[in-house]
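There are 2 protein chains.
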Amino acid sequence: RCFHFCKLPGRVMGIRLLRFTSVVIIVLLLVAGALTALLPTIKDDKLPNSRREPKTQSQSALDSFTLIMQTYNRTDLLLKLLNHYQAIPHLHKVIVVWNNIGEKTPEEMWNSLGPHPVPVVFKVQSVNRMRNRLQNFPDLETKAVLMMDDDTLVSAHDLAFAFSVWQQFPEHIVGFVPRKHISTPSGVYSYGSFELQNPGFGNGDQYSMVLIGAAFFHSGYLEDFQRQPEAVHALIDETQNCDDIAMNFLVAKHTGKPSGVFVKPVDIRNLEKDTNSGYSGMWHRAEHLLQRSYCVNKLVNIYDGMPLKYSNIMISQFGFPNYANHKNKM
Amino acid sequence: RCFHFCKLPGRVMGIRLLRFTSVVIIVLLLVAGALTALLPTIKDDKLPNSRREPKTQSQSALDSFTLIMQTYNRTDLLLKLLNHYQAIPHLHKVIVVWNNIGEKTPEEMWNSLGPHPVPVVFKVQSVNRMRNRLQNFPDLETKAVLMMDDDTLVSAHDLAFAFSVWQQFPEHIVGFVPRKHISTPSGVYSYGSFELQNPGFGNGDQYSMVLIGAAFFHSGYLEDFQRQPEAVHALIDETQNCDDIAMNFLVAKHTGKPSGVFVKPVDIRNLEKDTNSGYSGMWHRAEHLLQRSYCVNKLVNIYDGMPLKYSNIMISQFGFPNYANHKNKM
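Chains A and B, in that order, are what the protein sequence lines are.
When you line the first sequence up against this note's numbering, it's residues 3 to 332, in that order.
When you line the second sequence up against this note's numbering, it's residues 3 to 332, in that order.
Read the hints as simulated data drawn from the structure, not as lab findings.
Identical chains blur together in the list; that is why a pair holds if it fits in one copy or across any two.
Listed next, the in silico DSS-like pairs over lysine-lysine satisfying Cα-Cα at most 25 Å (straight line):
id, residue 1, residue 2
1, K145, K125
2, K329, K259
3, K259, K145
4, K259, K300
5, K255, K311
6, K329, K275
7, K266, K329
Can you make the complete structure from the sequences, with help from the hints?
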């Protein structure tokens, strides 16, 4: 029964009371133990605005972006670029828009060379269209899209910085290639780069577009694009060009502000000459630039006005690559 | 009476009706003439975002700024700078904060050398205090303030561009001199420029303050500053320093974002060595930088936390001075 443990209190309180007390004490200890297990863990003291550690499994939809890369007849460049881009910080997933109609994607080879840092999805297209890359892909889980041409290499440093800039300007196209339109006395617009005359607003030059072949923008604009007038889609199909100009019109109309924010790239390269396919991009066609001027004027007709606005803001990264790149002689 | 004019219609309609008809016609002609005079003049076809012509008399409160320049013992520099700054585009008025206690302002000489492009007001101070320039001057009519030290020369091009940047970021301090704080394992903060180690957020450097001695900011912040805890004013009076650090704390707290936007100046000069007064600025004092670190820590105590946030955005002007300054080798 009950040995010397029982002797003292047993004689005072009685065995029944003693058992009851023991049970109560044991229950309380169990409850205390359970409560301790449920206490919240002490939070890390975070510096304001500190960057979270990259999650190994998947990244939050706000802190990461999806790369959309359309490809035609340059699979060698595509694979070279995929090896580079698959490891960019904050990348969530890659969507390859496969415009090589009837040709097998390199998915098998891709899988055999795994594992890969992020998922890559090959979207097989039925028609080779420039605007295939502007579909509102169901695979998209992030707010941000990084769109890259399949012959353009931008350094990871530039991309990480530009992504952080996009997060501060999420309604704009934040990218590396600025262009402008100018107005002429006849009312007809012309399209070009810095060799074209300044629009004439004070010192220096202005840009009114940022090309989407090397830029971040909000994934919501893909849905917007699908909802644009049929004439816009027809124009892009007719020219197999100008999807980027159309996107800039869309964004400028939506925000009432300049569509793009230009981030000056430190290291951007065109790999076109490196391809074995012998295929050179659309911009080599004789009529390429004239087509783009044509598109600007057509879009002004379709939208019944010129929504593009000028900006002269050029953004660079403070203290990078040269830690004293902001120094002045004062 | 009525001669051959009357003969034909008179015989048909009667003289009374004829007179009535003539009167009606005359009245209609007069009314038509009056309406023509009241028609609105045809508006100029303005390009989106085009800059309005500068008004010769006074500029709109939104399109112009007030220069506030505090001065002590460097009247020769002050006058040299006034000649330069008085003609900056979009300048509305100059407020000179006269810290030369008991000394006459150069107002008479200034007036005798008129006319001047804008009004200049000399605010005579009773005590030589660093924070005199942060009063909410009733003379202020513009939303924007440009604050300049009395030994700093910034080119008109830089100022015009930085003003246009401020108009896009009106809640920030938009200026030419970035600084940072860093945190140490002991929890004590230190203040410095790029020679100080990076705060450690990715590549490159970061800044967390933009000094107000060469910057644009919203005039509302002057009123805010007056409403800050007495301990802040006492700190600035004790050190005769740190008013700019205090302003950055104020703005960061107000916006929850980095207080400043850094615009890289093309042409900024310190004229200190050019003065005949033999007076060199406060920043030459041995304890100047240590004082500023001290101020950072004191302000963290007063505000019970560190509100400053880091930024690595560096803004330059697209296509100026070099029209191809954004070009890349792609």
